[in-house]
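Trainee: I would like the entire structure built from these sequences, with the hints used as guidance.
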Amino acid sequence: MSAARGNGKGGKRTLKLLIVDDSNIIRRRIERSQQLEELEVVGTAANGLEALEMFSKTDPDMVTMDLTMPQMDGIECISKLVQLKPAIRILVISALADKATAVEAMERGANGFLNKPFTDRQLNEAIAELIT
Amino acid sequence: MNVAGADRNRRLVTAGAGTALALVMGLALLAGFRLATQIRSSITELQTASELQTYPSVLTQQLTALRQRLETREYTGQAHEELAGTVARFKHDLRRLARRSDMQSPQLRDAQRMWQAYSPLLAPILAFSGEPYVDTDSGSSLSDSGKMYYRNVRQAQLLAKQNVGRLHRLLTAVTRSLETQTSGAAARLRLLLSGGVLAALALAAAAAYLQLTRARHERAAREAQEQTRDILKTVREGFFLLDADYKIGSVWSEALAHIFGRNDFAGLSFEKLLEDRVPPTTLATAVKYIKLLWGDRAHENLMKSINPLGQLEISADNGRGGKETRYLQFDFHRVVGAKGVKHVLCSVSDITSNVLLARELQEAQENANAQVDMMVGMMHVDPLQLGSFLDTTETGLQLINAILKEPARTDGEFRKKLGGLFRELHSIKGEASALNLMSIAQRVHHLEDMVSELKKRAELSGNDFLPMVLKLDELLAHLRGVREMATRLTALKDAPAAAAPAAATRQKPSPAERPAGRTGEDISPTLRALAEKLAKDHRKAFKLMLSGLAEVPAPYVATVKDCLIQMLRNSAVHGIEASATRRAQAKADVGAVRVDFRRAGEGYELVFEDDGAGISPQVLKDAALRKNIITAEEAAAMDTRTAMALIFRPGFSTQEEVTMDAGRGVGMDVVARTVYGLGGKIGVSTNPGRFTRFKIVLPAAEAASSAVA
Numbered sequence: 745m746s747a748a749r750g751n752g753k754g755g756k757r758t759l760k761l762l763i764v765d766d767s768n769i770i771r772r773r774i775e776r777s778q779q780l781e782e783l784e785v786v787g788t789a790a791n792g793l794e795a796l797e798m799f800s801k802t803d804p805d806m807v808t809m810d811l812t813m814p815q816m817d818g819i820e821c822i823s824k825l826v827q828l829k830p831a832i833r834i835l836v837i838s839a840l841a842d843k844a845t846a847v848e849a850m851e852r853g854a855n856g857f858l859n860k861p862f863t864d865r866q867l868n869e870a871i872a873e874l875i876t
Numbered sequence: 264m265n266v267a268g269a270d271r272n273r274r275l276v277t278a279g280a281g282t283a284l285a286l287v288m289g290l291a292l293l294a295g296f297r298l299a300t301q302i303r304s305s306i307t308e309l310q311t312a313s314e315l316q317t318y319p320s321v322l323t324q325q326l327t328a329l330r331q332r333l334e335t336r337e338y339t340g341q342a343h344e345e346l347a348g349t350v351a352r353f354k355h356d357l358r359r360l361a362r363r364s365d366m367q368s369p370q371l372r373d374a375q376r377m378w379q380a381y382s383p384l385l386a387p388i389l390a391f392s393g394e395p396y397v398d399t400d401s402g403s404s405l406s407d408s409g410k411m412y413y414r415n416v417r418q419a420q421l422l423a424k425q426n427v428g429r430l431h432r433l434l435t436a437v438t439r440s441l442e443t444q445t446s447g448a449a450a451r452l453r454l455l456l457s458g459g460v461l462a463a464l465a466l467a468a469a470a471a472y473l474q475l476t477r478a479r480h481e482r483a484a485r486e487a488q489e490q491t492r493d494i495l496k497t498v499r500e501g502f503f504l505l506d507a508d509y510k511i512g513s514v515w516s517e518a519l520a521h522i523f524g525r526n527d528f529a530g531l532s533f534e535k536l537l538e539d540r541v542p543p544t545t546l547a548t549a550v551k552y553i554k555l556l557w558g559d560r561a562h563e564n565l566m567k568s569i570n571p572l573g574q575l576e577i578s579a580d581n582g583r584g585g586k587e588t589r590y591l592q593f594d595f596h597r598v599v600g601a602k603g604v605k606h607v608l609c610s611v612s613d614i615t616s617n618v619l620l621a622r623e624l625q626e627a628q629e630n631a632n633a634q635v636d637m638m639v640g641m642m643h644v645d646p647l648q649l650g651s652f653l654d655t656t657e658t659g660l661q662l663i664n665a666i667l668k669e670p671a672r673t674d675g676e677f678r679k680k681l682g683g684l685f686r687e688l689h690s691i692k693g694e695a696s697a698l699n700l701m702s703i704a705q706r707v708h709h710l711e712d713m714v715s716e717l718k719k720r721a722e723l724s725g726n727d728f729l730p731m732v733l734k735l736d737e738l739l740a741h742l743r744g745v746r747e748m749a750t751r752l753t754a755l756k757d758a759p760a761a762a763a764p765a766a767a768t769r770q771k772p773s774p775a776e777r778p779a780g781r782t783g784e785d786i787s788p789t790l791r792a793l794a795e796k797l798a799k800d801h802r803k804a805f806k807l808m809l810s811g812l813a814e815v816p817a818p819y820v821a822t823v824k825d826c827l828i829q830m831l832r833n834s835a836v837h838g839i840e841a842s843a844t845r846r847a848q849a850k851a852d853v854g855a856v857r858v859d860f861r862r863a864g865e866g867y868e869l870v871f872e873d874d875g876a877g878i879s880p881q882v883l884k885d886a887a888l889r890k891n892i893i894t895a896e897e898a899a900a901m902d903t904r905t906a907m908a909l910i911f912r913p914g915f916s917t918q919e920e921v922t923m924d925a926g927r928g929v930g931m932d933v934v935a936r937t938v939y940g941l942g943g944k945i946g947v948s949t950n951p952g953r954f955t956r957f958k959i960v961l962p963a964a965e966a967a968s969s970a971v972a
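Chains as they are written, first to last, in the working numbering: chain G, 745 to 876; chain Y, 264 to 972.
For the record, the hints were derived by calculation from the structure and aren't laboratory data. Computed from a prediction, not measured in an experiment: that's the story for all the values here. All residues carry an ideal CB built from backbone N, CA and C; glycine is no exception.
Under the rule of at most 20 Å between Cα atoms (straight-line distance), these lysine to any residue pairs were calculated in the SDA-like manner: (1) Lys554(Y) <-> Ala844(G); (2) Lys551(Y) <-> Arg852(G); (3) Lys567(Y) <-> Glu851(G); (4) Lys829(G) <-> Arg560(Y); (5) Lys567(Y) <-> Glu869(G); (6) Lys843(G) <-> Leu537(Y); (7) Lys843(G) <-> His562(Y); (8) Lys843(G) <-> Val618(Y); (9) Lys843(G) <-> Pro571(Y); (10) Lys843(G) <-> His596(Y); (11) Lys554(Y) <-> Asp842(G); (12) Lys567(Y) <-> Asp842(G); (13) Lys944(Y) <-> Glu865(Y); (14) Lys554(Y) <-> Glu851(G); (15) Lys843(G) <-> Thr544(Y); (16) Lys567(Y) <-> Thr876(G); (17) Lys551(Y) <-> Glu851(G); (18) Lys668(Y) <-> Leu729(Y); (19) Lys535(Y) <-> His606(Y); (20) Lys843(G) <-> Glu534(Y); (21) Lys843(G) <-> Pro542(Y); (22) Lys567(Y) <-> Leu840(G); (23) Lys843(G) <-> Ile553(Y); (24) Lys843(G) <-> Ser568(Y); (25) Lys567(Y) <-> Ala841(G); (26) Lys567(Y) <-> Glu873(G); (27) Lys843(G) <-> Pro543(Y); (28) Lys829(G) <-> Gly558(Y); (29) Lys843(G) <-> Lys554(Y); (30) Lys860(G) <-> Pro571(Y); (31) Lys860(G) <-> Asn570(Y); (32) Lys554(Y) <-> Arg852(G); (33) Lys843(G) <-> Gly558(Y); (34) Lys843(G) <-> Leu575(Y); (35) Lys551(Y) <-> Asp842(G).
Which residues of chain G face chain Y? A partial, calculated answer using Cβ under 10 Å: (36) Asp842; (37) Lys843; (38) Ala844; (39) Ala846; (40) Val847.
Mentor: Right, dumping it as structure tokens:
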């Protein structure tokens, strides 16, 4: 778990992004490849519990959420985050390709779904769709 | 939409114009009514004026008559009365005419003035009563009052005579003026009526136009309805709308009825539509998904990408009283109105044939890949070996076919059949694996699986074997393909030399045809290849040392090969330990497997030995107990030698997990049976932790031929 420093982009309001994934590689990948100016990565978490902790510290506007994680899985974490902040936008990024999981995540309050593996372009498009 | 809007506007304009015309007509009628009333009173006045016109001369005549009567002393009563009546009527009529407000005629005023000036002269005449005469002897003469009366009459008569012409003219002028007024009013009325008629015509035209437009509109609507109906009737997809309660609307395409085999969709909930046709978990996901469609959280593309009903497997009636599996594809589109999602449009198509085709394609692709692999594998196999394998396998499969055809009734007979099938299949699989012909090995493995499944069943019947017959046919077809491919490969290889017919395609010679003293094919490469593969598959390291195999006489080649393949597999799976284990036991990292074939007296001797874990009699007994091959009492009473013989019992295996190489419990059983079949003997000796050694003694080849025959 780490809290990234704000990059202090001035001008219009930036949206705070929290990255939740148990894989360090994926976390770094998302952090590096998201190119939207209006987004600022405020933290990363490796499981649901860490995500909740980071949420209380950073109050993010948007979360990328893995589903299969130790301690607390993504589905449960989505429910909790939506309870804490109904306006939060959650993009599920998961290797679970079955539609039932996607529907379940959406029902719990996720706003988007992206399958792993993904390209930078797919990621940016999925995030951009969530912002609009 | 635009056309409909323009049409609506046109109709509004027409309706507005119609209303305006009706108003105009109403006003015209009202004005006409007023004019007519006016004309009617004008006519009355005209009559009055016409009558008035005659009064002055009548008055003059009556005065003249009265004067004459007075002069001739005649009776004046009636003439007086007539004069009084005429004066009263004249006065009355003149007053009535003058009372009309719009009667602004100067002539009438002049006439009134004249009358007013003249009427005082008449007053004393009319006031006279009594008898104007007095009777005297000389006859009647005027009395005093009569004389006065006469003077008045004469004065009035004279004045009337003087003025009658003027008054008559004045009154004639009044009459004319009235006539002019009336005819003007009549002309206006005519104009008004003409206007009214025109307005009525225009109104009728507008009504006709409206009617026409409406008819056209209705026809267009009818046509549109008909087209919609045709579309819904013809389209191959099932279409329907879902409302906010997830219920189906009142319109749907006919294909929906075919797909679901029902027609009562109106008001049916989506959940009920799929209930009984899909597993509960799928249904729950589908319902959640439909609910999500009504929200605005996910856009259309995302919803499309997570559609859990993109390829839905359902069980449907096959029309013959049974069930069949079909695949449906559901697509959902939101129908958005001003207040958000109004409906969800669902389309359902039956994609069963597409799914099956895709599967077939995939299978074909896999087959093609397997064929390529097979071809590559075959290129590494000696054509002679391959030919021998194909011959053996074909014979084996014929045997399997014969076993399948054997009549059986009792459970015991069925189970015996299964045992026989198992052994044959296992043997073929072993050889195929040894030659790295995996496409064949896998197919046989699949058949073995089927046999295993049947073995587990409590009751067996002849029908249970039918699927195997189909699989067997498939395997035979595959073998033919392999043989064909082998022919081509051989032809390719032999092409430059234009050599003798390809070995792989030759007919298998009967044992009698084989010269007894001649040695057969060299089985060493097969064994080496198998050892390499087994070592890799089971992560074992061992060396295979072969000697004397080139000396195996032709009639024994197949048997020796089968036995060695089975024993080699046993060694690789059960015997040789993993390198780490070996190291811990102070053994060389790399195991050793030795095979030695040599003449021994009249016959031959085959020794197979590995320096692996050996065989523990206790392990054998435990495994046999688990598989109910022996009872606990038997196990307890069993000595080491008898326990060791367990490995030659049918259905025995110490390996719990079934793999391509071990665990089926046939193998040593097949080896032993084959050896006994040839009139030979088999023995095993072992030292747990040190080695396992099999010794097979075979009679002279001629003896074997007769034993087989």
